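Residue numbers (numbering that gives the first Met the number 0), protein chains in the order written: chain A, 0 to 168; chain B, 0 to 100; chain C, 0 to 415.
Incorrect hints may appear among the rest.
Stated by the list, open to error - As a list, the in silico EDC-like pairs of lysine to aspartate or glutamate whose alpha-carbon atoms are at most 16 Å apart: (1) C/Lys-47 x C/Glu-80; (2) A/Lys-91 x B/Asp-96; (3) A/Lys-91 x B/Glu-72; (4) A/Lys-166 x B/Glu-88; (5) A/Lys-85 x B/Glu-88; (6) A/Lys-91 x B/Asp-93.
Derived from the structure by calculation, the hints contain no laboratory data. None of the values given here were measured: they were computed from a predicted structure.
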Amino acid sequence: MTPVATTFFFYFLSGLAVLGGILVITRRNPVHSALALILTLLAVAGLYLMLYAPFVAGVQIILYVGGIMVLFLFVIMLVNLDRAAKEDQFNKQWLVGMIAAAALLGLFMAVYLKGKYMFPIQEAQLPEQSNVQEVALSLYGNYLFAFEIASLLLLVAIIGAVVMAKKRI
Amino acid sequence: MAPITTVHYLVVAAALFILGVIGVLTRRNVVIVLMSIELILNAVNLNLVAFSRLYGIHGQVFSIFVITDAAAEAAVGLGILIAFFRNKETVNVDEVDLMKW
Amino acid sequence: MLDYIKSYLDMNATPGQAGNFFWATVYIFVVFGGVSVAVMAMNWLERKALAHFQIRLGPMRVGPHGLLQPIADALKLLTKEDIIPAQADKFVFWIAPLIILCASFTVYIVIPFGPTHAITDLNIGILFMLGVSSLSVLGVVMAGWASNSHYPLIGALRSSAQMVSYEVAMGLAVVSAVLMTSLNKTGTGTLSMIGIVQAQQAQQTWFLFKFFPLGFIAFVVFAIAMVAETNRAPFDLPEAESELTAGFHTEYSGLRWSLFMLGEYAAMIAVSSIAVTLWLGGWMRPFPHLLAGETWDLVFSLFPGFTFLALAVFCFIGVARMPKHPYFRVQTIGLAGFGIVLGLIGLTLFAPPVRDRVFDIYWFCIKVAGFMYLYIWYRATFPRYRFDQLMKVGWKVLLPIAVGVLILTAIMGVIW
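Next up, chain A with everything else stripped away, as it sits in the complex (with noise of 0.2 Å):
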């Protein structure tokens, strides 16, 4: 079926993104600054699922929003930060990080002004039906040897993450 309102659900989406990465960095909270991170998650994932990925999108609400999130809740309650909270949130340079971003911005806003039609006018036809054999072929297929690479950094990650936080090996 055809998608219906797809502007409007766009904008939506796109201002909540945008809105929830807002009280990301501003707020002097963390478990409020992570839950404005979820609200953005969530908002990308539908905007994944407007761009005909559900597969992406439902990885990210299971990956993302189910496990990383609920790690950084976990550590920040582990961690007590009522001290943090009272201190001063930004740091020395904050002056200079603000004018990087700002030239940063800069340089993407001459990068879409310019090249903004060299995109291709014709959309790649992906069938929405069997996104996920898609996936799965691509993944298993051309990008097998990444994908081993892949568990090979989890694996990693698993060991230094336990090294890392355990008291006592």
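Starting from the structure of chain A, add chains B and C where the hints point.
What follows is chains B and C alone, placed relative to chain A:
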């Protein structure tokens, strides 16, 4: 209203990316710096998926790799955070100066 | 109006797939209402069944055999004072129960009550279900943190650790069932909930009995993990009342507390329907191939009507055994009326057009009801785990078994 094109998605991704960069460069709290990194990775993912509308499925596959990477990064980063908090009782980035003298 | 009804009768896909907004909305309301009623019924049944396990009577005063007890409870909770602790984080405290409720109810979008009786059919169905139901852990964590109190915080920490651990075993068990859907000529599996049941129909077996005992072991792993996921006994450490008073919802009262309960029971029904869809053949009636043919179809399609008639008969037995005293007159009349309503529903279900449309919903609900009874049975029977035992079971027993079953299923698939 004008139809939504790929450029619209790229602009949203750019906005998220800039917000993430600002967060990484200016905040003192390590937890929020890590969250800003997640924001940056999400902007990258949004770009990849938006381009996969134009050039085929590869962008989506790559964004799955990026999500894997984000999970690994979050686990190690938070592990370091806990180890550091145990020793120094602080979570501010600019007080992480053990290697500096 | 007639056009709408006609478009429903002509539809041979789910309303979401057919793009039929009117009937999609109707389905959403029907499912939402049905689940709410099921939660209330479950509330009453759990108290009655638990009481009978312990040779008590349970609620008897409000209505005949306590039938109106859930309504009385709901009224009590609605009129109670809504307390927010002074030091609590107001916004997070306020939004946590809503997150749990939304997470548990959103899942029902993809649950297939029949080949056309689902709100919609996503091609990432099972992934969507696991993902959205895992959002409820966020609500638990937020509730525990926002209360700004010790017991809720400990409960939330336990709960998040427990739910994240058991999600892994649960996901792997689900993957081994999804793998079984790919055993066809083209070799393409599916994640869609309707597609999974259709694969079981095509392979002429429930996945429970596929590659016996592999499917069965995966099912058992899932059945254990789903009890842990929903924080029910014997894995109810997050709300262990003897140690943590009530765990993460200690500080909640009144309406918000009832939202937690509603979310918990809705989540129980949701994960049970995942188990039914993946391993117990979804909406299929028992022995669809062994006892095939017109006669058997007719016999099995009469079951829904007979079930309701049996319930009506129980009501009339209750009426007959009611004490003959003026105090009980209202109760007796009420119970008789309830029995008459049930009997009329049962008679309606015998009509051929209705019969053909509801019998798949009936078999699905019966299977889910079996799981609901198991939940009560577990709660009455098993003692609670200790936290280290819980983690040990999750990571050292269930996870290796799930991985082993997955590998063996893959090998069997290649050999087959």
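Going down the list of hints, with the structure as the test:
no.: 1; hint: C/Lys-47 x C/Glu-80; result: violated, 28 Å
no.: 2; hint: A/Lys-91 x B/Asp-96; result: holds, 15 Å
no.: 3; hint: A/Lys-91 x B/Glu-72; result: violated, 26 Å
no.: 4; hint: A/Lys-166 x B/Glu-88; result: holds, 15 Å
no.: 5; hint: A/Lys-85 x B/Glu-88; result: holds, 15 Å
no.: 6; hint: A/Lys-91 x B/Asp-93; result: holds, 9 Å
Of the numbered hints given earlier, the model fails hints 1, 3; all others are met.
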